[in-house]
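Student: Here is how the chains run, residue by residue.
2 protein chains.
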Amino acid sequence: MNQRALQIGLAGLGTVGTGVYETLCRNHDLLQARTGIPYAVKRVAVRDIHRHREVLIDSSLLTGDWHELVEDPEIDIIIELIGGTDEAYKLVKAALTAHKPVVTGNKALLAEYGSELFRLSAENSTPLYFEASCGGGIPIIQCLQNSLVCNHVRRITGIINGTSNYILSSMERKGVSYRDALSNAQLKGYAEADPTLDVNGWDAAHKALILAMLAYGTPLSPENIAVYGIDRVSPVDFHFARELGYNIKLLVVIRHHEDRDALELRVQPSFISRQHMLSNVYGVFNAIAVHGDIVGETIFYGRGAGKNPTASAVIGDVMLAMRDCRHPEFHSGFHPYTKQLPLLPLEDTVTPYYVRFHVSDTPGVIATIAAELAKFDIGISATMSRGLEGEEEACDLVFLLHACPWGRLCRALDGLKAHREIAPHPAVFRIEKLNEEA
Amino acid sequence: MNQRALQIGLAGLGTVGTGVYETLCRNHDLLQARTGIPYAVKRVAVRDIHRHREVLIDSSLLTGDWHELVEDPEIDIIIELIGGTDEAYKLVKAALTAHKPVVTGNKALLAEYGSELFRLSAENSTPLYFEASCGGGIPIIQCLQNSLVCNHVRRITGIINGTSNYILSSMERKGVSYRDALSNAQLKGYAEADPTLDVNGWDAAHKALILAMLAYGTPLSPENIAVYGIDRVSPVDFHFARELGYNIKLLVVIRHHEDRDALELRVQPSFISRQHMLSNVYGVFNAIAVHGDIVGETIFYGRGAGKNPTASAVIGDVMLAMRDCRHPEFHSGFHPYTKQLPLLPLEDTVTPYYVRFHVSDTPGVIATIAAELAKFDIGISATMSRGLEGEEEACDLVFLLHACPWGRLCRALDGLKAHREIAPHPAVFRIEKLNEEA
Numbered sequence: 000m001n002q003r004a005l006q007i008g009l010a011g012l013g014t015v016g017t018g019v020y021e022t023l024c025r026n027h028d029l030l031q032a033r034t035g036i037p038y039a040v041k042r043v044a045v046r047d048i049h050r051h052r053e054v055l056i057d058s059s060l061l062t063g064d065w066h067e068l069v070e071d072p073e074i075d076i077i078i079e080l081i082g083g084t085d086e087a088y089k090l091v092k093a094a095l096t097a098h099k100p101v102v103t104g105n106k107a108l109l110a111e112y113g114s115e116l117f118r119l120s121a122e123n124s125t126p127l128y129f130e131a132s133c134g135g136g137i138p139i140i141q142c143l144q145n146s147l148v149c150n151h152v153r154r155i156t157g158i159i160n161g162t163s164n165y166i167l168s169s170m171e172r173k174g175v176s177y178r179d180a181l182s183n184a185q186l187k188g189y190a191e192a193d194p195t196l197d198v199n200g201w202d203a204a205h206k207a208l209i210l211a212m213l214a215y216g217t218p219l220s221p222e223n224i225a226v227y228g229i230d231r232v233s234p235v236d237f238h239f240a241r242e243l244g245y246n247i248k249l250l251v252v253i254r255h256h257e258d259r260d261a262l263e264l265r266v267q268p269s270f271i272s273r274q275h276m277l278s279n280v281y282g283v284f285n286a287i288a289v290h291g292d293i294v295g296e297t298i299f300y301g302r303g304a305g306k307n308p309t310a311s312a313v314i315g316d317v318m319l320a321m322r323d324c325r326h327p328e329f330h331s332g333f334h335p336y337t338k339q340l341p342l343l344p345l346e347d348t349v350t351p352y353y354v355r356f357h358v359s360d361t362p363g364v365i366a367t368i369a370a371e372l373a374k375f376d377i378g379i380s381a382t383m384s385r386g387l388e389g390e391e392e393a394c395d396l397v398f399l400l401h402a403c404p405w406g407r408l409c410r411a412l413d414g415l416k417a418h419r420e421i422a423p424h425p426a427v428f429r430i431e432k433l434n435e436e437a
Numbered sequence: 000m001n002q003r004a005l006q007i008g009l010a011g012l013g014t015v016g017t018g019v020y021e022t023l024c025r026n027h028d029l030l031q032a033r034t035g036i037p038y039a040v041k042r043v044a045v046r047d048i049h050r051h052r053e054v055l056i057d058s059s060l061l062t063g064d065w066h067e068l069v070e071d072p073e074i075d076i077i078i079e080l081i082g083g084t085d086e087a088y089k090l091v092k093a094a095l096t097a098h099k100p101v102v103t104g105n106k107a108l109l110a111e112y113g114s115e116l117f118r119l120s121a122e123n124s125t126p127l128y129f130e131a132s133c134g135g136g137i138p139i140i141q142c143l144q145n146s147l148v149c150n151h152v153r154r155i156t157g158i159i160n161g162t163s164n165y166i167l168s169s170m171e172r173k174g175v176s177y178r179d180a181l182s183n184a185q186l187k188g189y190a191e192a193d194p195t196l197d198v199n200g201w202d203a204a205h206k207a208l209i210l211a212m213l214a215y216g217t218p219l220s221p222e223n224i225a226v227y228g229i230d231r232v233s234p235v236d237f238h239f240a241r242e243l244g245y246n247i248k249l250l251v252v253i254r255h256h257e258d259r260d261a262l263e264l265r266v267q268p269s270f271i272s273r274q275h276m277l278s279n280v281y282g283v284f285n286a287i288a289v290h291g292d293i294v295g296e297t298i299f300y301g302r303g304a305g306k307n308p309t310a311s312a313v314i315g316d317v318m319l320a321m322r323d324c325r326h327p328e329f330h331s332g333f334h335p336y337t338k339q340l341p342l343l344p345l346e347d348t349v350t351p352y353y354v355r356f357h358v359s360d361t362p363g364v365i366a367t368i369a370a371e372l373a374k375f376d377i378g379i380s381a382t383m384s385r386g387l388e389g390e391e392e393a394c395d396l397v398f399l400l401h402a403c404p405w406g407r408l409c410r411a412l413d414g415l416k417a418h419r420e421i422a423p424h425p426a427v428f429r430i431e432k433l434n435e436e437a
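Sequences listed follow chains A and B, in order.
Residue numbers for the first sequence follow numbering that gives the first Met the number 0, so the first one is 0 and each next one is one higher.
Residue numbers for the second sequence follow numbering that gives the first Met the number 0, so the first one is 0 and each next one is one higher.
A couple of the hints might just be wrong.
What the hints assert, rightly or not - Okay, the calculated bits of chain A under chain B, using three or more residues with CB under 8 Å as the criterion:
#1 24-38
#2 148-162
As the list claims (entries may be wrong) - Derived pair list, reagent style DMTMM-like, types lysine to aspartate or glutamate, alpha-carbon separation capped at 25 Å:
#3 41/A - 67/A
#4 187/B - 193/A
#5 106/A - 191/A
#6 41/B - 86/B
#7 306/A - 86/A
#8 41/A - 70/A
#9 338/A - 115/A
#10 306/A - 111/B
#11 374/B - 390/B
#12 187/A - 292/B
#13 306/A - 122/A
#14 173/A - 242/B
#15 41/B - 70/B
#16 338/A - 70/B
#17 306/B - 257/A
#18 106/B - 193/B
#19 41/B - 73/B
#20 338/B - 67/A
#21 92/B - 73/B
#22 306/A - 70/A
#23 106/A - 242/A
#24 306/A - 257/B
#25 173/B - 242/A
#26 416/B - 392/B
#27 89/A - 122/A
#28 306/B - 111/B
#29 41/B - 57/B
#30 106/A - 86/A
#31 173/B - 390/B
#32 306/B - 179/A
FYI, nobody ran anything at the bench for these hints, they're computed from the structure.
Predicted model only: the values in this text are computed from it and were never measured.
Virtual Cβ for every residue (Gly too), placed ideally from N, Cα, C.
In isolation and in its complexed conformation, chain A is listed as follows (with noise of 0.2 Å):
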């Protein structure tokens, strides 16, 4: 047995870097019992060496140059998480390229040169490995890639977005406005300054897309995805949805479509029954199910971001890659097997709906809008409606639409534009049927 001990290049030594560090000494000996490979930290790259830093490190093993990691022939690992698309893209391209196993937890990087860098992992035999992208300590992609690898997937619905959930927890739970939540969630340090990619629904789906590259063979590319934030979600809304029995979240849906041979792919605040267990899915938790042809429904939950669950999911595709960087020819990382999947246009995707209307409180109002619903051939399942403190004249008036094409549904909503008793943009929540069988 070769006892020679595995070394590791760790390059970025921020929040998850120092989980990564802190782990990788702290629980060292559990590691090293259970994986039976002797291995070290030889190097860590970080921007600036001089800086004060939160964790105990020896300051000989800091370099500011990532480049020496690479060049390093001892170095068997590197660890990318510097972060951002620009020296993180030089940093993995050149470790693939000198034969060096990476890990990384970079999605933004994964979306703009995911394409690129898989190519480049597979010509060079040097897997590249990703579970942090997605889930944070959720091992939803060894899950993917090892576990459930005998599966079709038939489809994934997820809660992938820790802030916007904690924000619709509030929402749901305190019954406050979507502003207050997201104000609440920064003073609490879940979301940033600047939450414009989590609640916008974007961050969602470059981890979509990941799981759909895991699922489908084959990176995919942002364009054309539908994705909605969660901006217009409101608590008038929380509370019809608890009335109907449903809970409202920010949820990935991906999905094939066998017939057509195309993949169906969006991002939306939707509805889904309080009977399901993601719509118990609370806070900064993340959750993702997935459908396979011969495992049925899975669902897998856990901490979506944070130090140490995001550690935790870097250590270990570590692990995996210190058992596979000395047999080249199978590893564990992913490749590329298929042509990409068109998507299925956002208009022929199919849901049952909710729909609140905003309307003036007059007799008829109610026809009106089930006439127009009827001349595009969409059924209505119920109608709710609430009166408005401090609005006599008005009313919110709610329909549960049977599914239909969501481009179905736009006609007929904006065939209701004309009518001056109805306000425009009504709030579309899809409803999605998720339960299997128990």
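Given the coordinates of chain A, work out where chain B should sit on it, guided by the hints.
Tutor: Frame of chain A; chain B shown alone:
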């Protein structure tokens, strides 16, 4: 790249064996594309080669003698799905000795011969995989062993017997008795004609031993673990549980007590908060919550049994075995790495409790019980009572008790036996506190 197809020997063509064979054929192209490893099923050992089978299989693949699989130098990997602990033991032992990696789902085999087989596996540098032995399609074994490898496991809490969960689910949802729920489960094929091992908790206990082995590094023997089944759970307890915001689930609890370096390991129907995800696991589904020092709380959910979900787990292992079998020095199989931890005596395990007494409705009975509890320094957090139809003189009296050691509760309950107005054998449930701050 070595392109010789890896040859698989499959022993057993019962329900799961058939699922594995069918999936290896049906999803062959997908598996090969994803893993890059060509494979073929070379030989299938069955008890009776002439029996009619549901599955289409070339009869030239069949043999009545599993020795042929082990002795065939071309066969790289053995899948053991013959069940039982007699022939299966001989087969696995022979295969490991012949340096052929083994994939099994046989928890009875691991419970009985785990120590010996894992030692043999280590001595021969030949891995033994067992994802299918616990949690059906849920990839809990690979997750504990690989993805979460850097975590000291603080606690595992699981619903890992589908039959019991199906029965408890119908009792909760339909208000029926244990007997009726069991008969119904038998009618639907979710409980066997002899359901003993499922409903008495021992099936869950055997799986718990496997989880504990992975979490704490060594096979454990089933002696002295506390196992209670579901046959004494009554509809009235579901009534009170619901009133109090709980559900009742057959829970496996594994917890490491650092202060005593001892392991708490028990199986019993327990109260869990309706806020916790595990309380929403219904029917034959399983779920396992793992709390790690680095990752925090994670939950894994899916079908706990059945032909295809179990086949998914087996094939996940087969693919690992394929990757491992050409570099025996770093395989992903389990090897024991610690001495066995002592079990915490049951009497020292501490939780809050729900206790339901059946009493004569006379003045002073609450005072009597409260006084006896006070004598043992056991605090009361709530009491509730409910009259009983047709029994005007009697009622159910429920006490929620603060956390205290089990032994102390037992002594208090013993002290109440002398009182004729209190029926013997009150219903006692632990209240498991599982929530991690979301």
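Student: None of the hints should be skipped; say for each whether it holds.
Tutor: Results for each hint:
1. 24-38: holds (count 8)
2. 148-162: Since three or more residues must qualify, the claim that chain B covers the stretch 148-162 of chain A holds, with 4 doing so at under 8 Å.
3. 41/A - 67/A: Holds. Residue 41/A to residue 67/A sits at ~11 Å (cutoff 25 Å).
4. 187/B - 193/A: This hinted pair is violated, its Cα atoms lying about 54 Å apart.
5. 106/A - 191/A: With a Cα-Cα distance of about 17 Å, the restraint between residue 106/A and residue 191/A holds, given a limit of 25 Å.
6. 41/B - 86/B: holds, 21 Å
7. 306/A - 86/A: holds, 21 Å
8. 41/A - 70/A: holds, 13 Å
9. 338/A - 115/A: Roughly 15 Å separates the two Cα atoms, so the pair holds.
10. 306/A - 111/B: violated, 41 Å
11. 374/B - 390/B: violated, 31 Å
12. 187/A - 292/B: Measuring from Cα to Cα gives roughly 22 Å; hence the hint holds.
13. 306/A - 122/A: Distance ~33 Å between residue 306/A and residue 122/A Cα, so the pair is violated.
14. 173/A - 242/B: Cα-Cα ~23 Å, so holds.
15. 41/B - 70/B: Answer holds: residue 41/B to residue 70/B is near 13 Å, not above 25 Å.
16. 338/A - 70/B: violated, 41 Å
17. 306/B - 257/A: With Cα atoms ~24 Å apart, residue 306/B and residue 257/A stay inside 25 Å; holds.
18. 106/B - 193/B: holds, 18 Å
19. 41/B - 73/B: holds, 9 Å
20. 338/B - 67/A: violated, 41 Å
21. 92/B - 73/B: holds, 18 Å
22. 306/A - 70/A: violated, 28 Å
23. 106/A - 242/A: violated, 38 Å
24. 306/A - 257/B: holds, 24 Å
25. 173/B - 242/A: holds, 23 Å
26. 416/B - 392/B: holds, 19 Å
27. 89/A - 122/A: holds, 17 Å
28. 306/B - 111/B: holds, 24 Å
29. 41/B - 57/B: holds, 11 Å
30. 106/A - 86/A: Holds: residue 106/A and residue 86/A sit about 14 Å apart, inside 25 Å.
31. 173/B - 390/B: Holds: residue 173/B and residue 390/B sit about 23 Å apart, inside 25 Å.
32. 306/B - 179/A: violated, 50 Å
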